[in-house]
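So the chains spell out like this:
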Amino acid sequence: MIAALGLLIGIIAGLLFAPDVPLSLQNYLPIAVVAALDAVFGGLRAYLDGIFDDKVFVVSFVSNVVIAAAIVYLGDQLGVGAQLTTGVVVVLGIRIFSNVAAIRRHVFHA
Amino acid sequence: MPDDTPDPTPEREPGPAGDAPGPTPGRRPEQDPEQDPEQDPARDRLRVAFTRPSSRQAVVGVLLAVLGFAFVVQVRDTAANDTYAGVRESDLIQVLNGLTGTAERARREVDRLETRRDDLQDENSARAAALDEAEQRVRTLNIIAGLVPVSGQGLRVTITESTSRVSVGSLLDTVQELRTAGAEAMEFNDEIRLGADSSFQASVGGIELDDRLLEPPYVLDVIGDPHVLRTALTFSSGPLESLENDGATVQVEEPETVEVTSVRDARRPEYAEIDEGQ
Numbered sequence: 002m003i004a005a006l007g008l009l010i011g012i013i014a015g016l017l018f019a020p021d022v023p024l025s026l027q028n029y030l031p032i033a034v035v036a037a038l039d040a041v042f043g044g045l046r047a048y049l050d051g052i053f054d055d056k057v058f059v060v061s062f063v064s065n066v067v068i069a070a071a072i073v074y075l076g077d078q079l080g081v082g083a084q085l086t087t088g089v090v091v092v093l094g095i096r097i098f099s100n101v102a103a104i105r106r107h108v109f110h111a
Numbered sequence: 141m142p143d144d145t146p147d148p149t150p151e152r153e154p155g156p157a158g159d160a161p162g163p164t165p166g167r168r169p170e171q172d173p174e175q176d177p178e179q180d181p182a183r184d185r186l187r188v189a190f191t192r193p194s195s196r197q198a199v200v201g202v203l204l205a206v207l208g209f210a211f212v213v214q215v216r217d218t219a220a221n222d223t224y225a226g227v228r229e230s231d232l233i234q235v236l237n238g239l240t241g242t243a244e245r246a247r248r249e250v251d252r253l254e255t256r257r258d259d260l261q262d263e264n265s266a267r268a269a270a271l272d273e274a275e276q277r278v279r280t281l282n283i284i285a286g287l288v289p290v291s292g293q294g295l296r297v298t299i300t301e302s303t304s305r306v307s308v309g310s311l312l313d314t315v316q317e318l319r320t321a322g323a324e325a326m327e328f329n330d331e332i333r334l335g336a337d338s339s340f341q342a343s344v345g346g347i348e349l350d351d352r353l354l355e356p357p358y359v360l361d362v363i364g365d366p367h368v369l370r371t372a373l374t375f376s377s378g379p380l381e382s383l384e385n386d387g388a389t390v391q392v393e394e395p396e397t398v399e400v401t402s403v404r405d406a407r408r409p410e411y412a413e414i415d416e417g418q
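Top line first, the protein sequences correspond to chains A and B. Each residue of the first sequence is one higher than the one before, counting from 2 in my numbering. Each residue of the second sequence is one higher than the one before, counting from 141 in my numbering.
If you're looking for bench data, these hints aren't it; they were derived computationally from the structure. Please read all numbers here as calculations on a predicted model, not as lab measurements. Please note: incorrect hints may appear among the correct ones.
What the hints assert, rightly or not - Residues from chain B shown here face chain A by an in silico Cβ test under 8 Å; the list is partial:
(1) Leu204
(2) Ala205
(3) Gln214
(4) Phe375
(5) Glu394
Backbone N, C-alpha and C define an ideal beta-carbon position, used for all residues, glycine too.
With the hints as extra help, turn the sequences into a complete structure.
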């Protein structure tokens, strides 16, 4: 409940304040969002599995975001930023799919 | 699908270990459905999470708020981002390449369409020119054949019989001389238009032109160059003299405009056919 409220509050705040993304973050925010999405779906799956732990969730959320952004940053420094971004998105996309599939089995038994 | 991988969330690996510190609050809702086989543990847990929010959810809520915020900001930024600031150089190069290709294609298309437009315009003007020429031709032929009323410069010749009748030959001579002098349209007595197939005939009542009786005085309207026409009439032993010898008085006027109002019926040629083999 609180979690859903938090998501709602975040969306509303984003709509209300509508800040501009700083130029230096423009390459990393999208990838960070995807990484956070992955962490959220992983956490939901763990919760449905009954193995959810908030500390683990916080750590995985933060580290996911930081690592994803760091990989892209590294890629930018090496001149392969676009390709690495694609790679990270692919990996995270696969993980999101598998997590959502597990959640689906829990919720719908299908 | 990779959904049957043993552990798709490696960060969750400490999960089972982290399970140990929090089994007492976390286990309870899941143990109840285990006793009741009809109840589903996962769904039950979801229900519990919504109906009995715990303080543990607060930190999750905060993180989700951050995620939602970032998500919305990014979506809005992407939607509103029409500048290329902050785009990687390689991406910019690709964008530029794409634009160059598109522009090149567009230019080729423009060239093609312009060529086509020019072709069509040429065709159109050629057709218009042909049409113009045909119309001009129709006008000319109509005038020559005497199918339309005309007006213009010319002469009005009035032949009044005084002592005796004018002979057909003199009248025919007059018309012939006027034709030679370039008369473009001729009319007798404001009612009979002269054409290529007009014919004079002497009859009992007088002179017939195209099978219609000509009543004296004969008024001949001629359109053409007035000076040339007048010269054609007045040279020595010309038509004027022969008419006067016939005993008629001839009066030649030069009005501002000569009106030739009568028309002939177009007769369809019965025997002559256009020779296409020309």
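Checked hints:
no.: 1; hint: Leu204; in the structure: 4 Å, holds
no.: 2; hint: Ala205; in the structure: 3 Å, holds
no.: 3; hint: Gln214; in the structure: 5 Å, holds
no.: 4; hint: Phe375; in the structure: 102 Å, violated
no.: 5; hint: Glu394; in the structure: 93 Å, violated
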